[in-house]
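Engineer: If you're matching them up, the sequences are chains A and B in order.
Each residue of the first sequence is one higher than the one before, starting from 1 at the first, in the working numbering.
Each residue of the second sequence is one higher than the one before, starting from 1 at the first, in the working numbering.
Among the clues, some could well be false.
Intra- or inter-copy, both count: the list cannot distinguish identical chains.
Straight-line distance between alpha carbons at most 16 Å, and here's what the computed EDC-like set of lysine to aspartate or glutamate pairs gives [claimed, not checked]:
1) K595 to D558
2) K223 to D333
3) K595 to E515
4) K462 to D382
5) K70 to D142
6) K462 to E515
7) K496 to E380
In short, the hints are calculated from the structure, not lab data.
Number of protein chains: 2
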Amino acid sequence: MAAYLNMDTLRFLLQHTHDLEQILTLPRFADHDVDSINIMLDAIKDFSDQELYPVFREMDEKPVHYADGKIITHPGLGKILRQSAELGVIGGTFDYEDGGLQLPNTVGTATYFIMDAANNNVPGYTGLTMGAAELILHFGSDDLKATYVPKMISGEWGGTMCLTEPQAGSSLSDITTTAYPQADGTYKIKGQKIFISGGDHEHCENFVHLVLARIEGAPAGTKGISLFVVPKFRPTDDGLVPNDVITAGDFQKMGQRGYCTTHLSFGEEDNSTGYLIGEPHRGLGYMFLMMNGARIGVGRGGIAIASAAYHASLQYAQERPQGRRILDNGRKDPNESPTLIIEHADVRRMLFLQKAIYEGGLSLVLQSSKYLDLSLYGPEEDREKYKMLLDILTPITKTFPAEKGREAVDNGLQILGGYGFCSDFVLQQYYRDIRIFAIYEGTTGIQSLDLLSRKITMHNGKALELLAGEMKATIEAALEQPELQKYAAALGGKIKETQEVLGSLLPFAAKGEYERFLADANIFMEYFSTLVVAWQWLQMGVTAKQLSITGAGNFTDDYLEGILHTMRFYFTYEVPKMNGLVEIMRNDEELTLLKEKAHF
Amino acid sequence: MAAYLNMDTLRFLLQHTHDLEQILTLPRFADHDVDSINIMLDAIKDFSDQELYPVFREMDEKPVHYADGKIITHPGLGKILRQSAELGVIGGTFDYEDGGLQLPNTVGTATYFIMDAANNNVPGYTGLTMGAAELILHFGSDDLKATYVPKMISGEWGGTMCLTEPQAGSSLSDITTTAYPQADGTYKIKGQKIFISGGDHEHCENFVHLVLARIEGAPAGTKGISLFVVPKFRPTDDGLVPNDVITAGDFQKMGQRGYCTTHLSFGEEDNSTGYLIGEPHRGLGYMFLMMNGARIGVGRGGIAIASAAYHASLQYAQERPQGRRILDNGRKDPNESPTLIIEHADVRRMLFLQKAIYEGGLSLVLQSSKYLDLSLYGPEEDREKYKMLLDILTPITKTFPAEKGREAVDNGLQILGGYGFCSDFVLQQYYRDIRIFAIYEGTTGIQSLDLLSRKITMHNGKALELLAGEMKATIEAALEQPELQKYAAALGGKIKETQEVLGSLLPFAAKGEYERFLADANIFMEYFSTLVVAWQWLQMGVTAKQLSITGAGNFTDDYLEGILHTMRFYFTYEVPKMNGLVEIMRNDEELTLLKEKAHF
């Protein structure tokens, strides 16, 4: 069994950096303790070892495809979905009364991280089912809940999110799928939805589609969009009846080839019934209340692939002899036996880069998950604060793992040289798989606009202020450790610099020059996410120092020194790149704004 | 026909920035003029439109594979190879007496660029045949020349370079393929070679392998390696006789799936005859005399893919409506019709980034090709100078297109959103194809070591001094144009900064701390190649200004303004990144050097 993650690292982050024990003191989680969570995570790891990882390559080599109106997936998927459900993966974070286990989202993230690292084709199926069930539970009628949710939690029925349409990718305001009101209070749905992950396959008896559509005559734009449950088969007293939802195809893709991406056609025969969730025209709002969680999930998936790629390339580097170390005279001795490639500085650089990205990114994903828990279940008076922290971190939590995770995997592939490009080795699969994560659930461009135009400015900059406060608390803790002071000071300096950057950008918004304000949002994202992950690394450095003093957690000295070393690497090799980015953002040339002349 | 390149850009660079006319004044090229070259390039473009581009997707979707001991390639490949040969693509740059056309290498690069942009699966077949023929012509006996070269130039026989072995990837000093001397002056070859591009297929009657091997008893390391011609079939008076060269397999790859990557086994029955080229033990030197050309070729291929990806994403951005422009109040009007995505600043940024990388990279590839011509055929007294310029630019010319080209293609894919990830669109193919270019002919790590440890220091820094001189000449020309002064000054500042960086790095070499000296060679490569391409952009800016004044070349104002705008973009969005890189190189933490502790 090749390694695809390090359970010690998950434990280090979950229990120590992000203090799971403290989360578990919240009343909602009273029945859980650290030991019971660890038992659950170990069970997920065993399941992933035994069921997910062994079919990872095969799912890519024999991809999902469409034949005779059906989506054909890997034959083992059904068993995997049922076992996932039994392990509590679908309803784990739900209320007891809804059939859930009331696990923290932080733990939910950890379980999915393990599964994603083992086989990123699979967790999307249960993750989307969970997301769809959650929407029904939060906003649906009791009848909808009773009819759909139990079968979804059990994994018998799949759930999906149907947003995208052929003419409207990122632009949800342009969706045209229409809902026609019927006398009985239901709706007839008509329209096309594409890129529907997990949209159909032979291993679930039914599919519960959560469909964004426009009630006939609704206002234009995002304020005229409603949310419907549209099942593939309508449950009736006589059993399941076809609901005129046609599977029109499966998109063939560069990666995640074991995960179906469906084209669905609703109401071709005017017989597709939809059930309104909540109130008319408020569908996008409902959908977006779940969006933080969904976007954390994308970040988690991306960073899980980076973890798997790191461990695969590390294993190769530890086993592959090649070349020789350079002697003091600048030459090499051909009579010496070849060294392992892990001894070459550039290979070590590529390994540390991967480690810095995946561990820092995983810490960020867990940080956001913790804020999600605290915003929902924390002390009443703190929830608003944690909601703002969650809101500002979400676009970064979604984007850093996708963008920097891709760079990490790229370095992992490079370590294998020509073998990295060959199908016999797994790195090329990770390289292809991770590419979608910068597109899922709002592209990097969309996330960057969200960060700069909404999150930074919301509540008059309050979220940013709170985030800076959290960072300063970490800096305080780090300043107590002489070895960390240098890095604490670096982080402090960059927080100050960020304020200067915003001080030069925000006036454009105030002047109504919004396109100018947002032109370099993508650069700001790269800049700010480097800062946020530097903060995560400083937290991890503090944790490592504390554990090395107290001995808590039984980590080896080598392990803790590895954390500290990687923190140093991140501050030395990644944080300085902010210098270039800040200079880019200070440019006053407006080169990317639309001009009269054609420049392309 | 989708666009995959802009012939105006090729003409702008070849004729104006790099002054083809001046190259053609050299005696060797007396029979050619700009018009005849343009006719040839147009013919190559027509051929690429008609034969190469139409089968590009199909070559990927039905990849090369191995069956019953044979390599099966696209059925149209044979015709393509024959037509390529007829167009002068194989022997074009060779001497008349060897069956060539005495075309400049600069023109050879331009022809291959066109073909690579149309279908990067194909030009490697003829390019390697050309490289193998060139080695025989330079160093082989008259008998070898007469026997092999004419059939190679005609495309009837393929040629390969057999360097890599399973146990020795980048480390040629460890190759073990052995040559046993025979009484008749030939050798029996025995060994395994892998990753042999174009190593076997059904469309050539014979293959001429140029094999690096160790004569029995030769010294260890690179000084004991000899070069042999080992044909698949030995030409005899009775025709072609099998030469015990077995095709053991074809590596399946993530990209370039229409281009075979062969595993060859020599002498399994002790009956594989090899013919020594030149003197024993000097094989690696011969091979490396061709290496500048080979590495320019890799750079050319990478940048051609970036060109094709740019044009594909540009076309999409010009046709796809999506979203709305931001109003002065920061909102969008949903009643407005959607705008084309090319009007969004971030899409424009991604397009300019691609344009800046591919045009700057193409200029660099042509610059190095020109130095190659001048080093071989220029005035005698200048050849040494141009050889040094070629030597120092080669690792950058190979690396920038691979590394930044990959980033360019990545941005092209992102412009298409979810469609970019789908097999129905070509971007994902470019994304997969270009990944190998950072590995071919010496990985980025190897190129970076070559640049910093050999090229920067050679002849006491003379090559660097010459390069700085060339850059300063461009700065002088730019200073005459008020609009360019700012960029000229920026380039000048960075040249100075480079000297400071080297001033802090070189003492490590002087002290014998070579591993420390070279630890960040990869960062130096990124830094220095950004500078070198900034120089190319300043040259292009000077050209554009001059042409806009003189009207020469009949370029439209929009075209020339597009060049100037992209130059500004490169200086504004890419050059500042050097600030971060220089800070990284100034670190004194030695984090990537081997330590006693395990950090991974």
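Engineer: Each of the hints needs a verdict: does it hold here or not?
Structural biologist: Right, here's what the structure says about each hint:
For a Cα distance limit of 16 Å, the shortest separation of K595 from D558 across copies, 12 Å, qualifies, whereas the shortest one inside one copy, 57 Å, does not. Taking the shortest Cα distances, K223 and D333 sit within 16 Å of each other only across copies (12 Å), while inside one copy they are farther apart (71 Å). For a Cα distance limit of 16 Å, the shortest separation of K595 from E515 inside one copy, 12 Å, qualifies, whereas the shortest one across copies, 50 Å, does not. In this homomeric assembly, K462 and D382 come within 16 Å of each other (Cα to Cα) only inside a single copy, at 14 Å, whereas the closest approach across copies is 65 Å.
Taking the closest pair of Cα atoms, K70 and D142 never come within 16 Å of each other, the shortest separation being 32 Å inside a single copy and 65 Å across copies. Proximity of K462 and E515 under a CA criterion of 16 Å is satisfied in neither setting, with 23 Å inside one chain copy and 48 Å between copies. For the homomeric pair K496 and E380, neither the shortest alpha-carbon distance inside one copy (31 Å) nor that between copies (59 Å) is at most 16 Å.
When held up to the earlier numbered hints, the structure conflicts with 5, 6 and 7 and fits the remainder.
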